[in-house]
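Single-letter residue listing:
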Amino acid sequence: MATETETAETQSDDQEREQGPLERWVGDSISDPNRAYRPMFWLVTVFFLFTTLFPFYWLLMVALTPEGQLQDVWLTPNGFNPGVFIEVFEILPFHRYMFNSFVIATVATLVVLVVASLAGYVFGRLSFPGKGPLMLLVLLVSFFPPAAFFIPINDLFNTQFAILEPIMQDGSLYNTPYALIIPLSAIFMPLAIFILTTFYSQIPDGLEDAARVEGTTRLGALFRVIIPLSAPGVATAGVLTFIGVYNEFFFSFLMTDGQPENWAPILDGILGFQGQYQTLYNAMAAASIIGVLPMAILVVVAQEKIVSGLTAGGLKE
Amino acid sequence: MARVTLDGVTKRYEDVTAVDDMNMEIGDGEFVTFVGPSGCGKSTTMETIAGLTQPTEGTVHIGDRDVTRLPPKDRNIAMVFQNIALFPHMDVYENISFGLRLRNYEKEEVDRRVEEAADIVQLEGMMDRMPEEMSGGQRQRVAIARALVREPDVFLMDEPLANLDAKLRVHMRTELQRLHRRLDTTIIYVTHDQAEAMTMSDRIAVINAGSLQQIAPPLVCYNEPANLFVAGFIGSPSMNFVEAEVGTDELETENFSIEFDPATTDGLAPGDRVTVGVRPEDVYLDHTADGVEHSTGLIDARTDVLEPMGNEVFVYLVTGDDAETSMEVEGGAATDDQLLMSVDPDTEIDIDEEVKVVLDRSRIHLFDIETGDALRHGLVEVATTGSGTPERGVGDSD
Amino acid sequence: MARVTLDGVTKRYEDVTAVDDMNMEIGDGEFVTFVGPSGCGKSTTMETIAGLTQPTEGTVHIGDRDVTRLPPKDRNIAMVFQNIALFPHMDVYENISFGLRLRNYEKEEVDRRVEEAADIVQLEGMMDRMPEEMSGGQRQRVAIARALVREPDVFLMDEPLANLDAKLRVHMRTELQRLHRRLDTTIIYVTHDQAEAMTMSDRIAVINAGSLQQIAPPLVCYNEPANLFVAGFIGSPSMNFVEAEVGTDELETENFSIEFDPATTDGLAPGDRVTVGVRPEDVYLDHTADGVEHSTGLIDARTDVLEPMGNEVFVYLVTGDDAETSMEVEGGAATDDQLLMSVDPDTEIDIDEEVKVVLDRSRIHLFDIETGDALRHGLVEVATTGSGTPERGVGDSD
Amino acid sequence: MPTDAPERGRLAPVVDWMENLSEAAYAYLLLTPAFALLALIAFYPLAATFRMSFLEDQTRGAEPLGGFVGFDNYVNILTGDARLARQFLDVQLTSGFPFVELGVGFFQQALFVTLAFAILNVLFTTLIGFGQAIVLDKDFRGRRWVRVAVIIPWAVPIVIQGMIFYLIFQPTVGFGADLMNWLGLFGSDPLASSQDSFFIILIADVWKTSAFMALLILAGLQSVDRSLYNVAKVSGASAWQRFKLITFPLVLPALLVAMLFRTMDAMRVYGLIESTAGCTTVPSLTCMVVEALFGGTRIFGTAAAVAFMTAAIIGVFISIYIVKFRDQEGGVY
Amino acid sequence: LGSADDDTIIIHSDTDFQDIRDTVQETLWEAGLDEDISYEVRAAADDTEQRRQDIQSALQAGRSTPDMFMMDSGWTIPFILREQTLNLEEQLSGEVLDTIENDYLQASVETARHPETDELHALPLFPDFPVMLYRRDLVEEAGYDTEGWATEPMSWQEFSEVVADTRDQSDVDFGFTTQAAAYEGLACCTFNETMSGWGGAYFGGVDNLFEAGDRPVTVDEEPVLDAIRMMRAFIHGQEDEHALEGYEQIAPTSIVQWIEDESLGPFQNGNAVAHRNWPAFGIAETAGEDDFGEAIGAMPMPYGVTEEESEYEGLGGSRVALGGWHLTINPSTDKIDECAQILEAFTAEEVQLTMFEEGTWFPPNLDLLESEEVQEIEPLNRYTDTLQALGDRAVPRPVTDIWNEQAAVIAIEVHNAYTGQKSPEEAMEDLRNRLERSEADVEDVNAN
Ligand SMILES: Nc1ncnc2c1ncn2[C@@H]1O[C@H](COP(=O)(O)OP(=O)(O)OP(=O)(O)O)[C@@H](O)[C@H]1O
Ligand SMILES: Nc1ncnc2c1ncn2[C@@H]1O[C@H](COP(=O)(O)OP(=O)(O)OP(=O)(O)O)[C@@H](O)[C@H]1O
Ligand SMILES: [Mg+2]
Ligand SMILES: [Mg+2]
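Protein chains in written order, with the numbering used here: chain A, 13 to 329; chain B, 725 to 1122; chain C, 725 to 1122; chain D, 5 to 337; chain E, 2 to 449.
These aren't lab readings, by the way, just hints derived from the structure by calculation. There is no bait here: all hints are sound.
Ranges between beta-carbon positions, derived for each pair:
1) B:G1021 x C:D1010: 30 to 40 Å
2) D:A66 x E:E223: 40 to 50 Å
3) E:E379 x A:F101: 28 to 38 Å
4) C:E978 x B:T1012: 28 to 38 Å
5) C:D752 x B:G995: 52 to 62 Å
6) E:G63 x D:V320: 36 to 46 Å
7) E:E379 x A:I103: 20 to 30 Å
8) C:D1074 x B:T1012: 22 to 32 Å
9) B:D1070 x C:D973: 18 to 28 Å
10) A:V126 x E:E90: 54 to 64 Å
Cβ atoms here follow ideal geometry from the backbone N, Cα and C, with glycine treated the same way.
Could you build the full structure based on these sequences and the hints that come with them?
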């Protein structure tokens, strides 16, 4: 650990954004002995790449192995069946499952970010009586295995509420996207609240003050200054929530009957390849690789938001 | 109406009282400068006026409204922060126009105002720089421009020019005064630059340790300081202070005496001890003292240190025969046998020279030795002293 | 050995050249001040010396070592940052002792040094405050103390006193000079305060738009500025500039003429145009001009604006008969028919009064009208001019 | 989203009203949406579950729960008399250190398995996550793709994560069982052995959740004001010292949040176990809750009690962090 | 948002059923179902556990859809006991009830009745039972005559010798592959049938299967222990001190982490001699044209002791675990009548045959396997005689309201014994204690 850190840290010495990395490397390695660490840095990077990607690579091999030949898969698939990536859409309307998950995750992420931002602002920047206990109460939710919520929620969401009658088929939330968005938002809320609390609390008061003097409300300052400046934290909370909801298993199973047209999420799709005695591992693998793609895109997009050192240059203190 | 009134404002932090029972009334359209040593509570007072800090006690009025509990956005103020506080995620244009955009001004109006402000602070052509790509002074100018574009009732400026070079500072001063005249806005200003305070303000508020010492026009503060603190704080280099005992017709200091009739002053009697104050520019070499009408007798001194400043030279004198060359030269804070004198740069004078000096009696101040309160300004009554006539700075004179 | 040598140092950002081919040699133990307008590249030059920025071109040597590629930690420097940059998670003590703790000093040694530094910056008793609980000036003092505790080869101080009040600033100046003497460290200093630059430095480096204009002792810069920029930049208020045509035995400006023999100066011939520069303190009312040995003839003028500064008064004069009252008074940047004069506060003078003034010919500067380079300092040769003898500031004189 | 322009008409009274609230009232107001949502989805169900935990199990009949039995369900769980395949706590004590029978028996205790899993998991994910975050914090060509690569395990659904490792350690399918057996680390059928499976699950979970740590720590790293590094460099700090004295303390709040949630998640591990070795091989606390609830035999009272016991244990374990948060200067608690 | 229009009956089932829905619907109508009544299949997960949980939460919440559920015969009774099914005796005609009583595989029907009242609460849709598949080609190459193996069970001892010998003679790695992971399948099926073949039982014979509480726990009796010892011999060979003497080492140790899918792999890849699995799956995956075709043989499960040697009635001899699925009606549905009609239509012979043709679901009336239609279905037609022979040998698991709880414990302890973590005696002793405690719990409750 220590060596890794040191190596990596050393790279940042004299880091200059306006020079190309290669140019820099060539220049630096001639005159600076620290450059000797660079190969170490790449070694560490490659190590991480290997360890994180290998299982994924192996998953790809499983996907490419034709059904029924799942034997001795090591570095190459046992057989070669790229068609599986199309088959998964033929066996099941997998795209619909993906769409469902995508919509649910997007909405839930927005809900979580907005609601948790308010709470994070309060916990991170205001002081008021009962702050500690309330934070603990938020945290408390995460002490419980999701199953602990099962029975009451199952009853609740299958209860028919007259007010819902006009919107929902039979007045219950079951089999509607709300049945997923609401509980999933709540379940991922504590994490988001804690992340945002941490990041919001680190934005110097001076910037919020400046915004308020310029004429924003406290909330205005939150949305215009604190949130943009906490971009890394907000993006992280968003990515974690999105991925979490997208892949959520427990409530998804509970709140829909698994039909794609009833907003069943992607996991129902993936598990749709599981039979009573037999599992279409190749299809499951292919499906999950396909299912992970939106996330990879999301990460690429979100990280554009994670701009380094945003707070630099604003304050003199 | 943008009178600003502070009524018994006190701000206490856990262990510090940053502002202590501050009472102050700043007139509509007045330009008031807060001065005082570092940490005396200037910024805190400003933050209270801005609404960024809730006073522990007391009330703040702007105009006739009690704004003590009003959020900053409803106070119609603009502020230049001491710590600059640019929004790091916005470029110069966005920073400057922030307040305007919040108020949904038309795009053209915003552009026009931003351009004008950028022009004033000489930042044309930097509109799309990010704060981190600018020099310290440039950042400070953006902060000023951000306040300038607004047309608030009250401007609060906390050391807005601290990081600017002399020339730019002079330019900015003029611009601020022009603005002040044009908008007739109330301006509350903090600066450590005495010249700035002197030339720009209608009144100066001298603050020490959280409490207001004097609020008066600049020359009054200079010529008739309310107490020892103000006397010592205003003017650079600082006033010379010497302890003295009141005699029957003189003030007896350790090394020299000054002609003085205690009867002319209430509450002073022979035998009392007082602090005598005299500014360096009121100390003269005997041969240049021609113009001084009411000079003291000759005082023997030895030059200790010379500090040439270009347009004047500060001479550190040691009075008294047994005085050794002082070990310490603390700018202006002379000990009892030290005396600081300012002379023309042409004056021929050398280190360790024995000289004779005189003081201008009409410019000698007496202070209570315990409380520091001013007892008397000028040992003789002179008609022409500038005191009492609040002359205003350059801003008024053209 | 802590000579600092810059060799053709250039720093380019995407669209800006912050430092442009800077060559400079700063001697071991020398105190050099960088001055120049905001954004001229002072901080960037410092960062290059500190190793925080890699120059685009050129090399930096400290002592005999080429440190251009050396990380900052191996350069043995201490720096006070313009943006202060205290560690927000450390209290005052931890901030100040940071550099020492890094080097595993003994606890007692650390305590001793921190205490000493805190004493110098007058922050005793604040050791366990967090940065956010301090005033602007207090933070700045912590930043200074953080540099002071170290005993580096080179001190880099970027406007360390910008947020301090006059008194504290004078105190800090003295302390810094003392420190300089005691440690004999090389100090590179940035300030916008001319007095500071004048009194503290062995040499002043005047920078404009990234390039070095002049590096010389303060009085040389003041009395013999290398070019128009330096002449205008050093001295406050700024030097008066008037365009003139060289005649056979005079300089002919628009509104008056000055006796001058072009033959005494290489490269000047009648008919050439030059810029004439004269400082406000070298302009005298005719009746106070007794001491001026080489005065010009009387010049007719009208007082336009008076700016009383406490210890002196600036008088804005308009020369020429047809001149209207100037619309603009840009501090010191007088137009051709404006002339700024500084007089004693006792002088009796009023606005809109017709006066006659003279200039001190020994203090008149001539500059090339195109390049701005100085052609001549003083129209007569005077033995006593301070020029050529690099007098040093107060630091040397006691 | 609330507006801030004073000129905006209709919302103005609301905005004014909000602005003029005292800090505490304002705080409570902004917390309302979050707590409303939590009340509906979390607090209400938990209260109902809590009530259930005091009622008797009813394995047959229309009514799922019987009469009030006080703490019986809890007592049964602690004494090992509950109707659960694996017991919560079923320690064999020994006379020698560490006074608990380790080895096979150890890995069949839900409590110990869970605690050991959580501790090791948090330890490894923190170390690896930190390393990854530091790599990702650097500017280098291709960083964006490395970042995606590092984060991708987190995007893999748990069932698939389980499937990958299940298949890797399936002797005829993957290479894992043979490889580890050859290395002498595992027996020949790792997924049938509690001990081997424990480590498989640990590896699988570290693989996936390091990304979580990395992501949060990375965000923390990127929020550090870069100018502080300049100060530290000039003060003479080496890379390691900068890390220790600047980076680490400034990232600590984010790190603590990451570790806190990682701990809680690790202590609730279930899905991964279910999709690899199965709950009978590696029992965790949540396994017990789920099995009690969904095992087919209707023992809801017991299930509720196990859930609350689990929460209590997590709560106790988590209190370490809460103390830490309190210590944290400017921390959130 | 619901997909079904209001008159359609929704059946909670799996994708297999969904795939054949149209054909089956047609057949139902042909069998006399009211043309207005149609149904739709809602495919839940195919995993039996997840389906059970799914149904459980639907019924728990009192949801009115789906209208009918397809339930595993292994866990229908708990639902019946929790009053989450409809009593079919009140819904179906006497004629239909008679058919079920008389023609249906009785072991199967037993798991569809209320254990206390004996009333029918579910309609058996199809039964299922595993077969022992073997590589006839290899065995014959090794010099064995497989004549009669299809219907005549052999003893485990003989089986182990044949398999071991064949394995050694051919170049396959494994002899016998089966499922022995610690999962429900071990308790309900693989161990259950092995134990039954040795004349052992969990709760003292086949009469005590469906009512928990007052029944003996007999897991530590010799036949049970012998079954375990035999398996230990299969897995660990004779070096194992607890191995039953005279039995060869024929199974890879990996079977202790295998369930159906994994265990099939080696056999499917031609790397094992014999393999125990569910026919619909095992045969379909291996005996097709493209696979081993005729080289795959099937036989009834071998036996440990003969029926006569067994202490308990109906045990000993070749025994197979009973699987299969039932249909039940959701008590909360508004369409009870329609559901009942559908159920009745499912009892029609042509429907049963269609289900076999289309989905290889055995007709609950096993006699239908002899029908001509069946004889045309490749490759299953080659194995019908074996399959038919199995019907009588099927032993249901002892499903009660607490069976799942007990199954978990059984799986753990048997697995412990298989893997050698405990000796057979130790494991069964522990198991007996746990089971007795569990039985006592219900007894307490019922006594209240
Ligand atoms: N990161 C950057 N990107 C682009 N331009 C920059 C960057 N940093 C500094 N500059 C520019 O370089 C020039 C020199 O900046 P520098 O900070 O050295 O000025 P300075 O002399 O210290 O000014 P000041 O007195 O205002 O602090 C400025 O014009 C500034 O805008
Ligand atoms: N949050 C705080 N907690 C405790 N003390 C504080 C806090 N903020 C300010 N102070 C103290 O209050 C006093 C006044 O601070 P203030 O910022 O008003 O000073 P100032 O006059 O602006 O000084 P400067 O000229 O140095 O900026 C100082 O002594 C400061 O240390
Ligand atoms: Mg301040
Ligand atoms: Mg700078």
